[in-house]
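From first to last, the protein sequence lines are chains A and B.
Numbers in our numbering are just positions in the first sequence, counted from 1, shifted up by 217.
Numbers in our numbering are just positions in the second sequence, counted from 1, shifted up by 4.
I should point out that these hints are in silico values taken from the structure, not numbers from a laboratory.
Careful: at least some of the hints might be erroneous.
If we take Cβ atoms under 7 Å as the criterion, some of the chain A residues that face chain B in the derived model are [stated by the list, open to error]: (1) L258; (2) M269; (3) D272; (4) V273.
Below, a list of computed lysine-lysine pairs in the DSS-like style, where the Cα atoms sit at most 25 Å apart [stated by the list, open to error]: (5) K74(B) with K247(A); (6) K309(A) with K299(A); (7) K289(A) with K253(A); (8) K231(B) with K247(A); (9) K197(B) with K289(A); (10) K74(B) with K197(B); (11) K289(A) with K299(A); (12) K253(A) with K299(A); (13) K231(B) with K139(B).
We put the beta carbon where it would ideally sit given N, CA and C, even for glycine.
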Amino acid sequence: MTTASTPDTTVTTPPALKEWPLWEVFVRSKQGLEHKHCGSLHAADAAQALVMARDVYTRRQEGVSIWVVPSKAITASNPDDKGELFDPAADKIYRHPTFYDIPEEVGHM
Amino acid sequence: MNAVLETPTVATVTAPTSYLLHLADNAVVLGQRNAEWCGHGPILEEDLALANMSLDLIGQARLLYALVVKRAPTLAADAPALPPEGAFAPWGGPAALNGGQLTEDTLAYFRDVPQFRNYTLLELPHHNALVGYAKSDMDYATTIARNFLYSALMVPLWAQLQGSADSDLAGIAAKSLKEASYHLRHSRDWLVKLGDGTDESHARMQSALEHLMPYTQEFWTQSALEKEASAAGVGLDWAQLQADWNALLDDALAEATLQRPASTGYVTQGKTGLHSEHLGFLLAEMQSLARAHPGAQW
Numbered sequence: 218m219t220t221a222s223t224p225d226t227t228v229t230t231p232p233a234l235k236e237w238p239l240w241e242v243f244v245r246s247k248q249g250l251e252h253k254h255c256g257s258l259h260a261a262d263a264a265q266a267l268v269m270a271r272d273v274y275t276r277r278q279e280g281v282s283i284w285v286v287p288s289k290a291i292t293a294s295n296p297d298d299k300g301e302l303f304d305p306a307a308d309k310i311y312r313h314p315t316f317y318d319i320p321e322e323v324g325h326m
Numbered sequence: 005m006n007a008v009l010e011t012p013t014v015a016t017v018t019a020p021t022s023y024l025l026h027l028a029d030n031a032v033v034l035g036q037r038n039a040e041w042c043g044h045g046p047i048l049e050e051d052l053a054l055a056n057m058s059l060d061l062i063g064q065a066r067l068l069y070a071l072v073v074k075r076a077p078t079l080a081a082d083a084p085a086l087p088p089e090g091a092f093a094p095w096g097g098p099a100a101l102n103g104g105q106l107t108e109d110t111l112a113y114f115r116d117v118p119q120f121r122n123y124t125l126l127e128l129p130h131h132n133a134l135v136g137y138a139k140s141d142m143d144y145a146t147t148i149a150r151n152f153l154y155s156a157l158m159v160p161l162w163a164q165l166q167g168s169a170d171s172d173l174a175g176i177a178a179k180s181l182k183e184a185s186y187h188l189r190h191s192r193d194w195l196v197k198l199g200d201g202t203d204e205s206h207a208r209m210q211s212a213l214e215h216l217m218p219y220t221q222e223f224w225t226q227s228a229l230e231k232e233a234s235a236a237g238v239g240l241d242w243a244q245l246q247a248d249w250n251a252l253l254d255d256a257l258a259e260a261t262l263q264r265p266a267s268t269g270y271v272t273q274g275k276t277g278l279h280s281e282h283l284g285f286l287l288a289e290m291q292s293l294a295r296a297h298p299g300a301q302w
């Protein structure tokens with residue numbers, strides 16, 4: 218809340234500590250192409266989450282770029298569905314191109 | 005306040021040793037103070053942030069002490085020059101307890117209060133002024149306000165020193181500028197969050213600023229060593245520095261809905277070696293191990 222003497226600004230105040238949302242942190246290393254998930258933290262807003270991620274997750278030169286995403290923006294697959302989602306692909310080697318012999322005349326495909 | 009001086013035509017210009025010690029002592033004392041939050045931070049991320057920043061500051065101090073050692077290895081037995089009105093006569097020298105060998109460690113651990121050249125602002129504890137026997141919890145608003153007031157000075161100062169005629173110092177300035185920029189960003193962010201926050205955080209931040217602001221007068225009073233530095237062509241434009249600092253302050257305080265307190269009253273003289281009662285305790289904690297086992301090796 219702002220003090221009584223200042224007009225009420227349109228900026229929303231950050232939530233109280235108990236209500237800070239959770240953010241997932243992704244860091245890209247110097248040699249990497251993709252941002253890897255390295256952990257999560259609580260922060261009041263996106264800018265603060267970025268600064269905190271810098272302090273917590275890049276202390277030992279882990280990265281050159283940080284993404285923070287609110288955890289509730291992430292939709293995750295249900296671990297109970299692991300069987301039906303991932304097992305069918307496991308035993309079907311004919312789904313891989315390397316399963317097939319290519320005649321030499323064709324060359325590289 | 006001194007105007008910009010042209011670079012002298014002398015081939016190599018070096019900043020006076022006492023000025024380097026001033027910059028180094030600022031860093032080591034504030035680094036030591038901020039490290040008091042390690043393990044006690046209000047939240048985990050801030051605990052890490054303050055520890056990181058302390059390490060940055062100690063790193064800056066190391067670079068500057070190393071430069072002093074390189075340039076003035078005979079600082080050992082001679083006491084650093086004090087202004088004639090200095091009431092304290094330092095005993096021995098920083099290397100006296102280390103067999104005459106001056107190193108970064110002897111400068112940090114074997115100098116006593118009157119030989120330290122840091123701003124008094126940086127040695128203050130993390131709470132408002134109390135009666136001598138009173139104790140207090142550490143107040144995060146005081147920490148943030150102090151870090152902000154100091155970083156807002158150091159960012160323009162390092163930026164100016166990058167162009168110093170003293171190339172070693174310019175190199176240290178370029179590196180330290182990046183660190184100081186982050187410290188400014190961090191403290192400014194929290195200043196705004198706490199200032200424009202709840203009634204309690206606003207009140208605490210306002211009172212922290214009111215407590216600390218008078219200590220910033222020391223930034224703008226030129227001590228003998230700073231006059232010497234300017235004369236040697238270290239290249240600081242104090243008027244510009246003060247203008248930059250004021251601009252940073254006014255911008256941040258406005259966003260934080262805080263009132264800028266008056267900056268009046270006694271002007272502290274930490275950079276001449278006349279310190280508050282707090283530096284002695286800080287150094288006692290910092291130096292006790294090194295002094296108990298002088299010359300010890302890991």
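Evaluation of the provided hints:
1. Taking 7 Å as the C-beta contact cut-off toward chain B, the hint placing L258(A) at the interface holds, the least distance being around 6 Å.
2. With 7 Å as the threshold, the beta carbon of M269(A) comes within range of chain B, its nearest partner Cβ sitting at about 4 Å, so the hint holds.
3. Of the supplied interface hints, the one on D272(A) holds, with its beta-carbon coming within about 4 Å of a beta-carbon of chain B, less than 7 Å.
4. For V273(A), the shortest C-beta to C-beta distance to chain B is roughly 5 Å, which falls under 7 Å, so the interface hint holds.
5. This hinted pair does not check out: K74(B) and K247(A) have alpha carbons roughly 34 Å apart, beyond 25 Å.
6. A threshold of 25 Å between alpha carbons decides the hint, and for K309(A) with K299(A) the separation of about 17 Å falls inside it, so the pair holds.
7. Between K289(A) and K253(A) the CA atoms are separated by roughly 18 Å; this keeps the pair inside 25 Å, and the hint holds.
8. Simply put, K231(B) and K247(A) have alpha-carbon atoms about 45 Å apart, too far for the 25 Å limit, and the pair is violated.
9. Our distance criterion of 25 Å between C-alpha atoms is met by K197(B) and K289(A), whose separation comes to about 23 Å.
10. With a CA separation close to 43 Å, the supplied pair K74(B) and K197(B) exceeds the 25 Å bound.
11. For a cut-off of 25 Å, the pair hint linking K289(A) to K299(A) stands: about 21 Å separates their Cα positions.
12. Between K253(A) and K299(A) the CA atoms are separated by roughly 22 Å; this keeps the pair inside 25 Å, and the hint holds.
13. About 39 Å separates the Cα atoms of K231(B) and K139(B), which puts this hinted pair outside 25 Å; it is violated.
Consistency note: the structure conflicts with the earlier hints numbered 5, 8, 10 and 13.
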